[in-house]
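Undergrad: Single-letter residue listing:
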Amino acid sequence: GAGVSQSPSNKVTEKGKDVELRCDPISGHTALYWYRQRLGQGLEFLIYFQGNSAPDKSGLPSDRFSAERTGESVSTLTIQRTQQEDSAVYLCASSLTLKTGSRTDTQYFGPGTRLTVL
Amino acid sequence: AQKITQTQPGMFVQEKEAVTLDCTYDTSDQSYGLFWYKQPSSGEMIFLIYQGSYDEQNATEGRYSLNFQKARKSANLVISASQLGDSAMYFCAMRSRSGGSYIPTFGRGTSLIVHP
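Residue numbers (my numbering), protein chains in the order written: chain A, 3 to 120; chain B, -19 to 96.
Because the hints were derived from the structure by calculation, they are not lab data.
Just so you know, not all the hints are guaranteed correct.
Unchecked claim - Dumping the calculated DSBU-like pairs for lysine-lysine here, alpha-carbon to alpha-carbon at most 30 Å:
id	chain 1	residue 1	chain 2	residue 2
1	B	K53	A	K101
2	B	K53	A	K59
3	B	K53	B	K(-17)
4	B	K(-17)	A	K59
5	B	K50	A	K101
6	B	K(-17)	A	K101
Claimed, not checked - Covered stretches of chain B (in silico footprint by chain A; criterion: 3 or more residues with CB under 8 Å from a CB of chain A, positions within the stretch not fixed):
id	segment
7	0 to 12
8	18 to 25
9	28 to 37
10	83 to 94
Beta carbons are placed, not taken as given, at the ideal position from N, Cα and C, and that holds for glycine.
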């Protein structure tokens, strides 16, 4: 299929290690989003990209979190010196445009990466 | 600031009956989009339906319809003829350009359980 893909699907790491989570958006989608979802909770917005630019990084929880995007394709979310509180499912989504009030603004989600920090 | 409120933490419905999940929103922007997503226990987020702020008619997608009342700032999801497979978490979301930022906003979700 041509949906959003994420890798790995599961990641178990030790406290203090760095991790990289990858997201492949739907081809042609200009916008890409990262969210965190702790067990039994709602979605916590982390960051979005318009092309390869991240206009608003205020959602990143701390300076241990960073993200980048190559052109209008792959994005990587990096968590340095992981803590147990970072354990969650990290969801990526993409949308065709960033045009509010337009159906093309609809986000389509990937299956997520389940991160467990021991 | 923009905000989404879902006041029903949990809802129960009998199979084949209709159910309404509430969502109210707040934004100062005139141009915005409203979305509903379904999240089954498997964890995937499934897009259900979209309503644009300038759309004059309520959106419909199969058994899903969105009761859009702009003046009341509500965007309730109506599921007709509920099925057992509809049991899931449902999230209401909005995107507007609030304060120059395009950050999407999600509600806390409503857990729907469909009884046979």
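Undergrad: Are the hints correct? Go through all of them and say.
TA: Going through the hints against the structure:
no. : hint                : in the structure
1   : K53/B <-> K101/A    : holds (20 Å)
2   : K53/B <-> K59/A     : holds (28 Å)
3   : K53/B <-> K(-17)/B  : holds (11 Å)
4   : K(-17)/B <-> K59/A  : holds (19 Å)
5   : K50/B <-> K101/A    : holds (19 Å)
6   : K(-17)/B <-> K101/A : holds (19 Å)
7   : 0 to 12             : holds (count 3)
8   : 18 to 25            : holds (count 3)
9   : 28 to 37            : holds (count 4)
10  : 83 to 94            : holds (count 7)
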